[in-house]
Amino acid sequence: MRVGTIIGVNDFPEARNPAFQLQIDFGVEIGILKSSAQITKRYAKEELMGRQIVAVINFPKKQIGKFMSECLVLGAMGTDGDVILLAPDFKIENGLRIG
1 MRVGTIIGVN
11 DFPEARNPAF
21 QLQIDFGVEI
31 GILKSSAQIT
41 KRYAKEELMG
51 RQIVAVINFP
61 KKQIGKFMSE
71 CLVLGAMGTD
81 GDVILLAPDF
91 KIENGLRIG
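Taking the numbering used here, the leading residue of the sequence shown gets 1, the next gets one more, and so forth.
Simulated from the structure, these hints should not be mistaken for lab results.
Among these hints, one or two may not hold up.
Taking lysine to aspartate or glutamate and the EDC-like style, the derived pairs with C-alpha atoms no more than 16 Å apart in a straight line are [stated by the list, open to error]:
{"hint": "1", "residue 1": "K41", "residue 2": "D11"}
{"hint": "2", "residue 1": "K66", "residue 2": "D25"}
{"hint": "3", "residue 1": "K45", "residue 2": "D11"}
{"hint": "4", "residue 1": "K91", "residue 2": "D25"}
All chains, full assembly: derive it from the sequences and hints.
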């Protein structure tokens, strides 16, 4: 698990469930990875930009329609099916391991 900063957010109309396509910067060593995240209930695209998140980066890539997801963004699932993103309390260096 690593910390990354969201640097791009696009709608994902081809997804079965409402989702965004994210571009996440994990620093120089890892680079920029893409992910699909079903977080449209709680988050607007504008508030995701520049936000740091926690993601699993060593899972195999997953094809979702025409989109290749390269990491898994982590969140807590609320009782209403809403996802709350996991994130550091303070701005830290992209790519740092979660321990």
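Against the structure, the hints:
| no. | hint | in the structure |
| --- | --- | --- |
| 1 | K41 to D11 | holds, 13 Å |
| 2 | K66 to D25 | violated, 21 Å |
| 3 | K45 to D11 | holds, 8 Å |
| 4 | K91 to D25 | holds, 13 Å |
Violated hint for the displayed structure: number 2, the only one.
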